[in-house]
Amino acid sequence: MKRLNDQKIKKKRIEKSVKRSKDLLVKKFKKV
Numbered sequence: 001m002k003r004l005n006d007q008k009i010k011k012k013r014i015e016k017s018v019k020r021s022k023d024l025l026v027k028k029f030k031k032v
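This note's numbering applies: residue 1 is where the sequence shown begins, and numbers increase by one.
Source of the hints: derived by calculation from the structure; they are not laboratory data. Incorrect hints may appear among the rest.
Capping the alpha-carbon separation at 25 Å, the derived lysine-lysine pairs in BS3-like fashion look like this [as the list claims (entries may be wrong)]:
1. K16 x K31
2. K19 x K8
3. K12 x K28
4. K11 x K28
Bear in mind that the values here come from a model prediction, so they are computed numbers and not experimental data.
With the hints as extra help, turn the sequences into a complete structure.
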């Protein structure tokens, strides 16, 4: 599971750099 987390963090970093607004949406969706 640690590997999955690492991959998710990497993806989140890239997405944050490419589309910060979308990252916010994803965070909101994950909260639900």
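Practice prompt. Output the numbers, in ascending order, of every earlier hint that fails for this structure.
Written response: Per hint list: zero violations.
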